[in-house]
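Kindly produce the complete structure, drawing on both the sequences and the hints.
There are 2 protein chains.
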Amino acid sequence: MADIAIGLHGGCGTLDRSLQSEAEWTEARQHIADALRAGWAILANGGSSLDAVEATVVVLENSIHFNAGYGAALHAEGGHELDASIMDGRDLRAGAMAAMTRTRNPIRAARALLESGRAVMLTGPAGDDFAAAAGLDMVAPDYFTTERRVKALASLKARAAQGTFAKASEAEKHGTVGAVARDRNGHLAAATSTGGFNNKPIGRVGDSPIIGAGTYAADGVCAFSGTGQGEIFIRCVAGHELASRIRYGGQKLGEAAHDLVHNTLGSFGIGAGLVAIGPEGDPVTPYNTLGMYRGWITTRGEMVVATHGELHALGAVG
Amino acid sequence: MADIAIGLHGGCGTLDRSLQSEAEWTEARQHIADALRAGWAILANGGSSLDAVEATVVVLENSIHFNAGYGAALHAEGGHELDASIMDGRDLRAGAMAAMTRTRNPIRAARALLESGRAVMLTGPAGDDFAAAAGLDMVAPDYFTTERRVKALASLKARAAQGTFAKASEAEKHGTVGAVARDRNGHLAAATSTGGFNNKPIGRVGDSPIIGAGTYAADGVCAFSGTGQGEIFIRCVAGHELASRIRYGGQKLGEAAHDLVHNTLGSFGIGAGLVAIGPEGDPVTPYNTLGMYRGWITTRGEMVVATHGELHALGAVG
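Line by line, the protein sequences are chains H and L.
When the letters of the first sequence are read in order and numbered with this note's numbering, they come out as residues 1 to 318.
When the letters of the second sequence are read in order and numbered with this note's numbering, they come out as residues 1 to 318.
The hints are simulated quantities; they were obtained by calculation from the structure and are not laboratory data.
Copies of one chain are not kept apart here, so a pair can be met inside one copy or by any two copies together.
The list that follows gives simulated cross-link-like pairs (lysine to any residue, SDA-like), each with its CA atoms no further than 25 Å apart:
hint, residue 1, residue 2
1, Lys157, Asp129
2, Lys157, Ser116
3, Lys200, Thr101
4, Lys200, Asp142
5, Lys200, Asp129
Written as structure tokens, this is what we have:
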């Protein structure tokens with residue numbers, strides 16, 4: 001039996017501490033803890049890593065604090081196009097959805113597609129139609145819209161009009177959620193969900209629904225979910241690059257993940273972060289920005305949650 | 001100065017010789033030769049591999065014989081959704097389009113997106129809107145429809161209704177076009193374009209527009225374009241897998257490409273093929289099906305075209 005473990009990220013960025021109140025930071029950490037517990041409960045009961053990462057990402061999608069599902073970023077015309085993907089390291093099965101607008105939890109749609117064998121990736125209205133036929137919760141497109149994202153979009157557009165786009169807080173622009181897990185049978189899985197970034201062009205697909213770029217899992221090697229400017233993650237095939245450095249390059253997970261974020265992805269001048277896990281040991285969460293929402297439960301059942309440099313040790317999970 | 005070379009595939013499958021007349025096989029080989037000459041002319045004039053693969057794929061898109069652009073496969077409702085991507089090995093820039101319906105040459109749209117820096121990937125109507133704004137040739141959606149694809153779809157649906165889907169010729173189901181090239185500066189590039197497969201679900205995205213899966217290029221390593229059941233190429237991250245076996249695994253291009261097709265992809269029970277090129281030498285074109293439309297021009301300027309086992313040496317290119 002393998003040691004179970006789970007980790008997640010809730011997006012990286014400048015995460016200025018002044019952007020929200022202390023109560024909001026506390027609530028965000030609470031939601032991270034809730035998400036970890038949801039996945040851990042499955043793993044502790046002997047469930048699969050695939051079920052665990054889905055359950056963890058659902059909690060993050062349902063939280064206002066993260067750019068996925070409810071509270072997702074708004075595209076340039078003020079609506080939402082949601083992307084998600086999930087991969088099972090046991091047999092490399094995968095499901096990916098791009099540009100969803102009506103499915104409450106895009107990660108559930110990706111999982112249902114994985115199970116269906118109908119395709120690995122669907123885009124546009126067909127993805128929502130598939131989700132509805134699969135019996136998933138459907139919502140009106142404005143379900144996802146929150147006041148903070150509307151304000152952020154207005155702020156971004158105003159600054160763009162003033163030519164000061166470069167000064168916009170990165171926290172307003174990016175963010176994605178993702179999870180990785182290892183179950184008792186040693187199987188690895190990864191899941192990622194996102195609203196993209198505020199003011200993104202309609203139709204733009206980032207790395208989150210791209211297997212190999214934003215999400216990847218292969219038993220015996222690693223499971224991966226990324227956050228940062230998706231275009232660079234796609235061009236670097238970031239998830240599969242991490243796996244390849246381990247599988248063929250002989251690197252350890254920690255060093256390979258650190259090098260990928262700080263040197264490979266960082267060399268493009270972007271903010272980048274990831275969560276990854278290997279066949280043994282605890283998740284790693286390197287990032288090169290001021291902060292990254294993240295958390296994990298170690299093989300000894302100890303939960304850790306963080307948004308910036310300092311770690312909040314929340315003790316043993318029941 | 002590097003030795004220039006170019007290679008292409010026009011899709012793999014059972015390619016029953018009885019499926020079309022000898023005149024049609026001859027015309028298909030002629031179009032392959034035309035496509036190779038279009039790319040070679042650019043390379044021979046000192047142009048870039050990126051320009052060359054785009055020009056080559058445009059010729060294949062415009063030919064009735066290949067499942068891309070004009071003559072593309074029909075989806076389950078009788079229309080077309082076209083996918084394409086292109087990648088520059090020099091700097092890993094890439095452009096990808098999914099589910100296009102109105103752009104005459106999807107590969108030109110992918111190239112324009114690459115140059116724009118606006119995004120790496122667009123899906124749905126936004127891709128066509130981008131192409132139109134970029135000044136590309138736009139067409140009515142039925143421009144792509146040919147009698148042979150309409151008949152093939154009807155035949156597939158009839159057989160599916162009779163429960164004999166498994167006997168349908170693979171040639172009716174799959175097919176994709178792609179090209180790789182190396183220019184005088186040693187830069188590598190790859191491009192892929194497809195209509196997917198006949199009777200595909202609406203919204204289904206295969207590997208062709210997925211950077212790392214159906215298309216990949218990195219200078220000093222390889223350029224790659226794949227053909228076959230896209231879902232497996234996505235799950236195996238086939239293009240980047242080939243590059244990783246060379247870069248980190250120390251394999252040679254030829255052995256890595258052969259192993260990828262016959263063992264890795266073949267282990268899933270699918271038909272698969274690819275064209276790839278490295279920093280030196282000629283393109284390789286392994287496939288595990290009865291045939292694959294393919295052709296290349298060697299570093300010595302000799303053109304070879306083939307559809308099945310026998311090679312047609314067409315002599316030196318002027």
